[in-house]
Structure formats: C-alpha cells, structure tokens
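Read off the chains here:
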Amino acid sequence: MPMITYREALHHALREEMTRDERVLIFGEDVVAYGGAYGVTSGLAKDFGEKRVFDAPIAEGVIAGAAVGAAMGGLRPVAELMTINFALLAADQIINHAAKVMHMFGGQMSVPLVIRAVGGGGAQLASTHSQSLEPMFAHVPGLKVVTPATPADGKGLLKSAIRDDDPVLFIEHALLYRVRGEVPEGEHLVPLGKAAVKREGKDITLVAYSRMTLVALQAADLLSQEGIEAEVVDLRSLRPLDTETVLASVRKTHRALTVEEAWRTYGIGAEIASRIQEEAFDDLDAPIRRISGVEVPLPYAKNLEQAAIPDAQRVMKAVKELLARTGV
Amino acid sequence: MRMGGKTAAKVGQSGLDKKTLLNFLHQMLLIRKFEDKAGELYARGKIAGFLHLYNGEEAVAVGAISALEPHDLVITHYRDHGHAIARGLDAKRLMAELFGKATGVAKGHGGSMHFFDASLGFYGGWAIVGGHLPLAVGLGLASNTLRKNQVILCIFGDGGTNIGYFYESLNVAKLWNVPVVFLCENNLYGMGTALHRASAIREVYRKAAVFDIPAERVDGMDVLAMREATVKAVAHARGGGGPYFLEAMTYRFRGHSMADPILYRDKSEVEEWKQRDPIILFQQRLREEGVLTPQDLEQMERETDELVADAVKFAEESPEPPLSDLHEDIYANP
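Residue numbers (this note's numbering), protein chains in the order written: chain Z, 1 to 328; chain B, 1001 to 1334.
Partial selection, computed: residues in chain Z whose CB lies under 8 Å from chain B:
1. Ala56
2. Pro57
3. Ala59
4. Ala67
5. Val68
6. Ala70
7. Met72
8. His97
9. Met102
10. Phe105
11. Gly107
Quick list of in silico lysine to aspartate or glutamate cross-link-like pairs, DMTMM-like style, CA-CA up to 20 Å:
12. B:Lys1148 to Z:Glu50
13. Z:Lys194 to Z:Asp165
14. B:Lys1174 to Z:Asp55
15. B:Lys1148 to Z:Asp21
16. B:Lys1046 to B:Asp1260
17. Z:Lys198 to Z:Glu182
18. B:Lys1092 to B:Glu1301
19. B:Lys1019 to B:Asp1296
20. Z:Lys194 to Z:Glu244
21. Z:Lys194 to Z:Glu279
22. Z:Lys320 to Z:Glu226
23. Z:Lys202 to Z:Asp221
24. Z:Lys317 to Z:Glu229
25. B:Lys1174 to Z:Asp30
26. B:Lys1174 to Z:Glu50
27. B:Lys1148 to Z:Glu22
28. B:Lys1037 to B:Glu1317
29. Z:Lys198 to Z:Asp242
Hints listed in this document are in silico derivations from the structure and should not be mistaken for laboratory results.
Positions of the beta carbon are idealized from the N, C-alpha and C atoms, including for glycine.
Extracted from the complex, chain B is given alone in its bound form (with noise of 0.2 Å):
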C-alpha cells in the first residue's frame, strides 16, 4: 500500500557526506532499539503508565530533525522518543524518565508521553491530540518579535488534523506569518481508527493548503526524502515566508500503545508496509551506494546495542524521586 509522496534522489546526489548519511543510520538503528527494549520493559512490568511506539517510523523523525539548527525548536506529540532522540537527548535519560527515575528528563513527572530537554530546544511531549498545535503558534511568535531567528517543527499525527485547534492554529499560524513548519506524520490510524473514516479529506496535506500554507507530501519511510523536503520547508520558515505544512506517509509497525490488540487493520497491510522498513531501505541503499561496508554496519548495530544497555543500566541503578519532590515544580514563584 503505498500512498505516494516525494521521494528522494539516490543517496550520492544528497550532497551529504559520509558521516551524515552514517549518523541517520545510526539515530534510526537507535530509536528502534531503544523502542524494542522500551516494550520488553513494558511487558516485564519495569515501566508502566501508556507506552507508543514508534517502530517504522524513524525516518521521519530522523531526515526532518536533522534539518534544524540548534537553535530551532522541536513540539511534538506523545509518540515522542524518535524525535527525542533524534533531536539528541541522552538516551540514559529518557529511559530514567520511562521508568519514573529523580534523573529522568522530566524527573519522573512526566514519562513516555512527556520528554522534554529545554536545553536542546525541545519542548514535549505532549498528549492532548492537537493540544500543542497553538504552542507552536505562539512560539513562533516569539521567535518573531524577539527575532530569534529560530524555526518550530511542530510534528503531530493524522488523528491530530480532524481537531478544531488544528485549523484554529493553520489560520493564525498563516495570519501571524509564524516560521512554524506543520509535519503530520500520517501512520494511517488515529488510534485503532483509520484515517477514511475519521476524515473527509485523505490527503492530509489538502487542509493545510486552504489556509494558503504551502503543503506538500513526502515518503516517510525515506529519510533523505523528508531531510530534503524539511531543509526546503525550514528555509521558507526561517526566510520569513510564514508557516510550511509537511504530510509524512509511514506506518507504525506496532501497535498504537503496548494495549493495543491491534484488531483494526489486516496482517498483510502491516507486512506489505513492512517492505519498506526505513531502516532496511536505508541501509540498502547505502550498501547499493558504497557508503556502508558490512564493518560499518557491525560496528554500529554493537554500538547502539550499548548506548540502550546503558541507558537501562542507568535507569535500573537511578534513584526513585524523593517524597519531598511531590510538591515542588508546581509554581516558579509560589
């Protein structure tokens, strides 16, 4: 089942360099390792509350993220380690914050749903489907008024687009000229609800063009693709030209928490989207391209294996919050 999207040129004529083209690779090997033990650990009982994952689509974090500056801020929605780590945050902590660990990125606070690093520019995790859409407006607006300079990748589901807050934000994001690029990652399924029957329009990218937002859509599951389509996307933001809207298409290859029994859509659609595994695409076509030796390969497979074995090593051996820690935070000035 493919549904379209730009795709990208072959991997040589990206312009980027080896250890890039590397990096993606290895961020996608990360995230899909990370997430996999992530859900062992569910099953185990080590971490608790709602668990999303984000298998299969790792390109669209990865190719979109690696657009920004540093200075550029990162919004997204509860299906949020991707982007976390795609955006840097240390993977040691994340799991802390799954396993409700003091040394967690949000102290324990917040978990799965709600990774936040102010530090590297990213602002949640959050899970109020559509809830965020007006953040990003409003920190475009700063961005503006105090010429910052700085662009926002807002990233939120299909199910996210039926909402009334996102065309009260696609409006006021167009009417404010906001530097807000909209990334839908279109996985097909808002929950256990398919996307025909929960939207008049299928072509999510179709709502962002009624407000005059440039919209187009982009193969999820490439991650050059969606690197190429952001830094076009990122630049317009950044050059003044107002808000970008991107439709991802990828699917999520579990299901859409670890409670989901997944009885909504056929075995075969999840195998045949299965085909297009970013990660294998991507190392094929490196492998295709010369850049990636079978060493290269091995050595990054070890290293990511270690990166997850140390964070849940950290997040086993991190101290639970203390007591005193239930009332603080609640007031900046109380």
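Chain Z extracted, bound-state conformation (with noise of 0.2 Å):
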C-alpha cells in the first residue's frame, strides 16, 4: 500500500467519489485557485471544470445552506467551510435546516450532503481559530459527526460520508494534514458509526478520535517500554456512536481513560464514561478517568497553548495514576 499524506487521502476519495457520481459537486470558501484553505481541493476544478467545483463567498449560512437545497434538488453536495469556529456561523443551517430535512417533514426527503471543516488547536491561531466543536454538534441527532485520525480513515470515511444519504459533518484536523499513512488504493470505504482498536492491550483502553488517536497511541508505545500494554479504540465518528466495540475493549481490559482535545465538560469523555459505566460496570477494576483540553481560550503564546492541549505524557501519567490505584 502506498503511504500518503492525510490531505492526498482526502483529495483522493474526493477525486474518486466526483468520477464515480457526476451528483457529486464541491463548493465553499477558496476551493479553486486556491484550491482550499489547506490545500485539499487543488487541481479539482481544472480537472472537474468549475461547474462542479466552484468557490463561494465567505458566507457560511447560505454555504451550508445552499448545500441543504442542493441535496434537496437531487446532488450529493460537499461544501467546505473553512475551519470549524466559522461553522458557528451556519450553525442554524447545519442544526435547524439540514438536520430536520428528514424527520420535521415526515421522512419525505433526506438531504446527502458532506459539509467539511477544519477543527482543532495547535498551530498558535489563538481562540477563535483553534477550537474543537465537535461536541456540540454531535450532540444533535439528525446529523452524523466524523473525525478521522488516519490518513486511511480519512479517505475512507470521506467516501462513505458522500455516498451516505444523511446530513455529514465531516471534521478534519489542522495537524494532521502532512502526516503519512498506508492507505488501500481505489475502492476503500470505511463504514460511519464504527470505530476501531488501533492498537491492542490487555492493561487498560484508551478511547480517542481525531487527533487524539495519534497521542493515545503514542503514549501506549512509551508505555509498553515501561511494560503496560494499553489498548487504543479510535471513535471515527462520534454521531452514530459505537459503544460497543468501547464496551468490548474495557471488558477486556477493566480500566479505560478518555483522550479528547475538546473541552472536558459536558463532553465526548464525559459520555463515553457514561455509557461504560451504564453497560460494563462490573467490568471496571477502576473509575474512568477522562484527559481532554485545558478549559480555556486557547491562547496564541506557544507555551500556553501547547499546556492546554493533551499530549503523550499526560495520557501516560493518568494511565499510571489509574494502575497504581489497582495495581495491573
């Protein structure tokens, strides 16, 4: 298998699903000559023609929402807003317009379409860029939430996301766009609502997405030196929700912590936890513990902001904290 970057894996499902479905159409913020903010969409509308791939005003309600009545209209549009803090802005259109199609009129219609956005901190954009928001609108049913962490699940939930006949908020993270990956040639589709072990243990699990995968499994490969064997399970998508393989993962390993980038309260941690303790309680050896992003602004001075966002070695020291209560 070739090893690609994130951002070809994108560029790929989306070059692959618009020859597969001439429905198949992208519009949004700088998708032409700058062929997208980070560079997904480049040489799509040479080789599409600007019919099929064409720019929009910085307007994100009538982006998303001209996206809700193209898909009305019979294409499976995919818009892009630039980041997620600017999905505020067509908030209304993704919760009130494009998540009520379906059941507000009694099922006579869905709306297939992909909205795509840029979440996460890191790169010193300071608060209004940097945000994960993904909680908020997982929160919403009538809407599907995914987050790959992989350049493969990228490209594979990319193309699911697009031939899916429900509303998709497809979230990709700023860092994550020059990391390498191996990742399967032509038709690879990666189903919504499944998430993956990304790396087996027996001692603990790690319960991750987007970005957080890649510290998870970071921090389970330094710990492995140290003779802990933790396993990862990556959400993908966080609306549909798969508690099961959670559930299979921490019956096996009777502990699990939580890694999210997003802020801690009323979080993706926080109803992970939940589930776990509502359908595997007597499995646990240990409470659940939850690491998720410092709750604050993030500020732009690197320092600060590299404190507030999650990384390896504090993964690492609640694991520890987790086994010496119990001891492994």
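Dock chain to chain to rebuild the complex, using the hints, since each chain is given by itself in its own frame.
Below you can see the structure in the form of structure tokens.
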C-alpha cells in the first residue's frame, strides 16, 4: 500500500467520488484557485470544471444552506467551510435545517450532503481559530459527525460520507494534513459509526478520536516500554457512536481513560464514561478517567497553547495513576 | 393605506379563460375558509402549537403559484397554509397535520409551520426567519446542474429581509445565476414590529436592486396583478436570466399568530385594508365583467364549505401517529 498524507488521502476520496458519481460537486471557501485553505481540493476545479468545483463567498450561512437545498434538489454536495469555528455561522443551517429535513417533513426526503471543516488547535491561531467544537454538533440527532485520525480513515470515511444519504459534518484536524500513512488505492470504504481498535492491549483502554488517537498511540508505545499494554480505540465517528467496540475493549482491560482535545465539561469523554458505567460497571476495576483540553480559550503563546492541549505525557501520567490505584 | 405596487388591467385583458379565473376565486375562498376554521379549531383546543393564519394575503399565493409549472418548486416560510392550498396540497391532509395526525402531510411531525409535499414540488414550510432562502439558492443550483429547467419560487415576509441570510442568498443567487423567483410578502409587520421600525429601506424591492436583480413591487391584493408579475419573473428565471425579485404589498387581517393580541396597529388601519379584501375585490371585478354569476358564487361557496368540512372530518377521524413513530425518520441510513 502506498504511503500518502492525510491531505492526499482526502483529495483522492474527493477525486474518486466525483469520478464515480456526477451528482457530487464541491463548493465553498477558496476551493478553486487557492485549492482549499489546506490544499485538499487543489487541482479538482481544473480536472472536473468549474461547474462541479466552485468558490462561494465567505458567507457560511448560504454555503451550508445551499448545500441543503442542492441535496434536496438531487445533488450530493460537498461544502467546504474553512474551519469548524466558522461553522458557528452556519450552525442554524446545520442544526435547524440539515438535521431536520428528514424528520420534520415526515420522512419524505433526506439530505445527502457533506460539510467539510477543519478543527483543533496547536497551530498558534488563538482562541477563535483553534476550537474543537465537534461535541456541540455531535449532540444533535439527525446529524452525523465524523472525525478521522489517519490517512486511511480519512479516505475511507470521506468516501462513505459522500455516499451516505444523511447530512455529515466531516471534521479534519489542522495538524494532521502532513501525517503519512498507508492508504489502500481505489475502492476503500470505512463505515460511518464504527470505531476501530488501533492498538491492542490488555491493561487499559484509551478511547480517543481525531488527532488525540495519535497522541494515545504515542503514549501507548511509550507505556509499552514500561511494561504497560494499553489498547487504543479510535471512535472515528462521534455520531452515530459505536459503544459496542468501546465496551468490548473495556470488558477485556477493565480500565478506561478517554482522551479528547475538546473541553471536558459536557464532552465526548463524559458521554463515553457514562455509557461504560451504564453497560459495563461490573467489569471495571477502577473509575473511568478523562483527559481533555484545558477549559480555557486557546491562547496564542506557544507554551500556553501547548499546556492547554493534551499530550502523551499527560496520558501516560493518568494511565499510571489509574493502574497504581488497582495494580496491574 | 395604499402602498402602491403594480395592479392588473381588466379581467378581460388577462388572457385567462373563465375556468381559470373562477378557479382563482375558488382557491382564495378555500384558503380563507380553511384559515377561519383552523382559527376556530385552535380556540377549541383541537390544534396546538403556533398557528399563523393567511387571511388577507390569499391573492399573493394564488396569483403567484398559478404562474408555475408542475415540475417547478415552492419553498416558503411558516405562514404556509395558503401557499400549500394554492399549490394543490390536499386540504384533508393539511388539516390532519394541524391536528397532529398520522395522515398529515408530514405525518404529524411538522405541524402548521412545516407543510411539505415532495410529490407536488412543495418543499416546506420553514420556520426560521430567512433560513430557507439559502435552500432556494441550492435548489436553483440543482436545477441548473441537473438541467431540470425548474424555477424555484421562494416566498418570505418583509421581516425576512433584514437578516444576513437575505443578503447572502441574493448575492449568491446572482453570482451563480440560479432560477429563483424571490417573492417577498410585505404585510408591513414582522410579528408586531412595523416595517419602518425594522428596515432602513421601506421599499423592500430596492434591497434586491443593489445586487442587479430585477425587482418590482406588485399589488398583492390583486390576484391578476400577482399572476402577471410572476409569469414575467418565472419566464426570466427559466430563460436563464437568473433570479428575479417581487415585493407583494399585502396585509394580514388577523394577528401574527393566534397568540397575538394585536396591540401594535390601529383598528382603522385594519379596516382600511379590509376595504381592499382580495377576495371581495376579485369577486366584484368578475361580476362587473360578467364572468361570475350569483349561481357560480353560490356553488363555489358551497363547494369550499364542503371541502373544509370534509378536511375537518378526515382530521378528526384520522389516527394519531403510533408511538413507534417517535424513532422513525431521523436518518435515511440509520
């Protein structure tokens, strides 16, 4: 399998799906000449023409809303918002419109659309350009929220999202675009709503998603050198949420630590912890712990920003504390 | 208080046959009676939620929607009963929706503000002010891309022209040259706030002109004027000319919703507008020109009364949605 970057994998997914289905089209902020704020759509307008890849003004409400309308009209739009932070300007379209069409009108019509946006911090972009807002959107029934961590999942999930008949918010992570990984060529689909065990282990389950999956894997490698074998579950989709894969892992390891970049309160970790204790309380040997982004607006200064985002050291420390509590 | 707007010439010069003209009157009467009955049933507790009645604005829906082809689309705001009836949605299923019954047009999921019938190109019933304008742009994009030759009639109120969506949508509609006819029903109030308190520009159509979208003001109490203007707008959009903007000057005779005590406008203003009741005006014109006989009118009154009575009976007798329906229709691919 070729080693390619996350950016290239996403690009391949778009290219393959546009080739496969003429109803797929791309519009959004800077997708043509600029090639997308992070370069994912580079070259697509040239190859598919500007009737299928075209720019929209910086007006997130009409970008998201036009995607809803286009989907109702029979297209399969992939709309690009520069970052998830700007999705707040489109939140009414995403939550009050896209997520409601199917239900509010009695199941007469669904809206097959994908909204791509970049999330996460770590690039010193300060508080309005560094947020992890996926829990807000994952809260909403009617939406699907996907957060790939690896190039292979990026490709496979984006292809599945485009083929899905429901509205999908597809959140890429700003620091992952240059990460390389093995990606199958051609038809490679990863189902929405299925978590993946990215590393097997017997001592503790680390539940993560998006870039924190890589942080968890890094921590697991370091812990392994100290004789601790952590299992890493990558949620991949936040809604639908694959509880079964998490539970199966916890039933094996009897301990769980969640790792998320988003804020802790009302977060994904809280949801996972709750589901584990509801379904697998008797399997637990220790309380579930959470590692989350520090609950502050992300600062610009490098040292402050780094202190706010979870890293492998924090994960390792929490794992050791959990294990010390009960012994391995 | 006449706010101007283009009126139509004589009925005889409309080029419409008697059947079509009488059908306009029939539809307007049906809307009026449907609304009066809905208001009555709301007061009796048979209908819940919000109920925004269309009384007084019938000529806008009937005239404008008559200009569409069957494959065209209508997308509208929450005061949607009149538009749905004018588009030919079944009054029985509309009333059942108001009753929250399984036989409603949205299976009882949507209620008054969310009428929808995909088979008739009636794409809602949307209740976030201005929120459906971007959808109209997307529908127009789909029409162009898939070569459907479809025109999208997008209806909203004057209150919907002060929100960002309005400007974003008009800008992109023009940029992308989509076949959307934007129809503003200017009834002079956004809920209880008068137009002049909410909009720096009182002639709403001028807001479209800045995007180089052809725009005009029409007498919304004149069904033939509404038709004439919309025929022209639709032809422009279908011919590849891009979006068109109409401002229909109209007035709602009842409150914003059934909860409205109407403290914000003078009774004299309401009475003045009622002198221009679109149904009475049109009846008079049809009679004067010999198109409508007293017998025609009597028959039409009877037919529309029966349609409304049948709708209520159907709604009353229909079952509630089963509880199992609570978890249905959230996802197409669960």
